[in-house]
Amino acid sequence: MGWFFRALNSSIGKKFLMAVTGVCLLLFLIIHLINNLTLYGGPELFDTVVKNLEGIKPLVRVVELVLVIIFILHIFNGVRLWIENKKARPVGYKINGASENSDVFSRTMFVTGSIIFIFLVVHIRTFWVSFNLGHPLADEHQYYQIVAEAFGDPIYSILYVVAVILLGFHLNHGFQSAFQTFGWNNKKYFPIIEKLGLIYTIIMVIGFASIPIYFLFFYGGNL
Amino acid sequence: MSGNMNLTLKIWRQANANAVGGFVTFNVKNISPDSSFLEMLDILNEELEVKGLDPVAFEHDCREGICGACSLVINGRPHGPLDKITTCQLHMRHFKDGDTIWIEPWRAKAFPIIKDLVVDRTSFDKIIQAGGFISVDTGGVPDANAILISKEAIETATDAAACIGCGACVAACKNASAMLFVSAKVSQFAVLPQGQPERYQRVQAMVKKMDELGFGSCTNTYACEAECPKGISVRNIARLNREYFNAKLKSENVEA
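Residue numbers (our numbering), protein chains in the order written: chain A, 34 to 256; chain B, 4 to 259.
Careful, some of the hints might be misleading.
[What the hints assert, rightly or not] If the Cβ cut is set under 10 Å, some of the chain A residues that face chain B in the computed set are:
# : residue
1 : Arg39
2 : Asn118
3 : Ser135
4 : Gln209
5 : Ile239
6 : Gly240
[Claimed, not checked] Here are the simulated lysine-lysine pairs, DSSO-like style, with alpha carbons at most 27 Å apart:
# : chain 1 : residue 1 : chain 2 : residue 2
7 : A       : Lys220    : B       : Lys13
8 : B       : Lys13     : A       : Lys127
9 : B       : Lys87     : B       : Lys13
Calculated directly from the structure, the hints in this document are not laboratory data.
Just so you know, even glycine gets a beta-carbon here, dropped at the ideal spot from N, CA and C.
Pulled out of the complex, with its shape left as it was, chain B reads as follows (with noise of 0.2 Å):
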């Protein structure tokens, strides 16, 4: 068909965790711009297949920017080139015939190579294991509307609920720092009634496990914010450390 792209591919590949790993080059052929970037590489890696040559190993699933599975770094930018979106929603129309696009994978030490372009963001997970959640007794269904909330406050939260977790901002972050993430897992709670029993010690083992896992400390940069698929403001990262000196300053908890 006319329109048809050839492109070069200058893709990570590693082993595994512990391999070296460096950039190959592949040619791919008669690319469709109406197919997604994923459907691209899901193109080339049924011609290695076809080869018998080991595919390009990359996470996606929902494939409808949803899920955050999709998470390649497109010629230095998450998610490629385009804002708001996911590697899955970025089509090639919006490359040219004959273009070189380097693909990596998430760089950060708290985000270690699985194979290729497959991070393990189990860290994420222990974040949220160490306070990302309300813990609420089973029991009958609550009335609706028992307890008010203003419309504010539930944009605030919905807002910040957005995130899915994909990984992004601390890919973009030149830090590694995973200040968006940890910032909009604390406000969804931090302004509804029902986050308030478990505020302050929500707060301060979010930042401790952060800290832990060795990502980086926030400078500012807004980033990660810029490369939000979600849009997930800093402001929630201003309310995250407001959120942490009230901890400090109110909670008698001294051991946290």
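If we strip away everything but chain A, and leave its shape as in the complex, we get (with noise of 0.2 Å):
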């Protein structure tokens, strides 16, 4: 197994765990954002859907087990390779011309990747805590009156709405960027990718966006 491990550790071996790992958030994040979307349904809708989860708690756990291993995979890794990265260039220009030769998103991961940790610590403390480590409204599968509440509080909306953009930073890059680190990179069909996870990405922005905006200003229905 000595020859796997080193291939996992070159330089092409860590940037194909980080699009590994990526991909897996980025199909956990379409099925998080169906479930999000059920609170357009009413609180009765919402909490059923949660009570059901309740209901395959075992299976929900393992699956939450295997998203933790990734998570951490991805973070891991992305941090080390930064760490790695700044190590090959010591001395840094005066002048910095990267904004004229790649865009925005693609620079900026280790910086957005930084705050969506950061944001993701604040929501796994919001919602997952309160959902499974007990809140009195939990105890009454209130579900829905969690979210509403949370979403109340304008600063967190507000925060939630900034993180989830920067989200779409990050995820516009690693779309793309995936398909080409699995060598899926070919005239024919990559500018076909480049487009899917545009739009993949604006579907996502403004799918959780729309969330805490609904709450906060119409209170989820409830005016």
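Two chains, two frames, a set of hints: combine them into the complex.
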């Protein structure tokens, strides 16, 4: 197995790991968004969906564990690459011409990733902990109410929207970058992949950002 | 002559690899817009020599865009502000009278500075030595067209082979990654029949050497392609990745 770990530790192996875990997270976000959109169905639908997930708790726990491992690999590997890549240029340029030869999404992956990580911690604290580790409303299966209360706070909602937009920066580069890393880049279909990535990103950003906005301004339809 | 320019140059000067470097300001006067960037530096150096001062060391050789020696980062961009040219192909008409121009060497751990703007690009040679070749026994001249190659394959190979090994990709990359260079040198053989016998060994050895030499990892910013004087496509990097995965999966050499 030595060859396998050596391959995974090579520069190409590391970016492969980044891409595989990234694609898993891209797919997870689709499921996450579909779940979130049930909030638009009102308290009854959302509470029923979450209650049903309670029914298959052991399976949910396994999926969550896999997700945690994927997140850790993605974050750990990303930080490691960032440190190594900094070392590859000990003395930087006085004048930085990067804006002339690359886009802002690709250059800011570490920054957007770091902010998303902070957001992730806050996000898990607000929702996952409330849903799973005891909250008076969760005990009564009033999950919708928990979401409504969290997004009733304008500062929280605005920060949430900002984080989702930065997530969009991260996804827009990550999507096409994963295909490039897997070697799936050719003249015919790469322009389509880039457009698909942009469409995916726009759907994700609008989808996720719409929820705090909906709750903040319309209080989930309960004005 | 009218239209000639006076310019302020901020040039990185460093006595040797271990010395502390810094920017030194020079003023050049009466520069013709028709002169090349390197000719402008020649004029500066002649003035410095007349004054008995140490001329600015910079690399140059063919001065027609094929050797890749002229490694200058001009105002933050390898080979200056224009696309798909080397520094020697850059002319002063692209600058304005009174401009301040910052001139820096390629910056990468794997390209240590020798003096001023001259860097040591031996690491590229080491990557080539690791596998960027085909082993051919000597003998009679083979028949032309004995090996059939599709037009598409030869175009892909020669496009990759257009790489002059200047290192602008490394200089432009925010990670100082040599991925575009290595991908071009792997691709030029990977798509041709002559490259097949050493195909798996080549890509693994070259990537290994690239990593050992302290180049960074690729994060797909594509700055390399944008700054490449020969327009080498990042699709070569995708091919390099494919070649690497294939070699790892198919080759039975567990030592590589």
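For each hint, the structure was consulted:
1. Arg39: holds (8 Å)
2. Asn118: holds (4 Å)
3. Ser135: holds (4 Å)
4. Gln209: holds (8 Å)
5. Ile239: violated (25 Å)
6. Gly240: violated (25 Å)
7. Lys220/A to Lys13/B: Violated, at about 41 Å.
8. Lys13/B to Lys127/A: holds (10 Å)
9. Lys87/B to Lys13/B: Holds, at about 24 Å.
Going through the hint list in order, the structure does not satisfy hints 5, 6 and 7.
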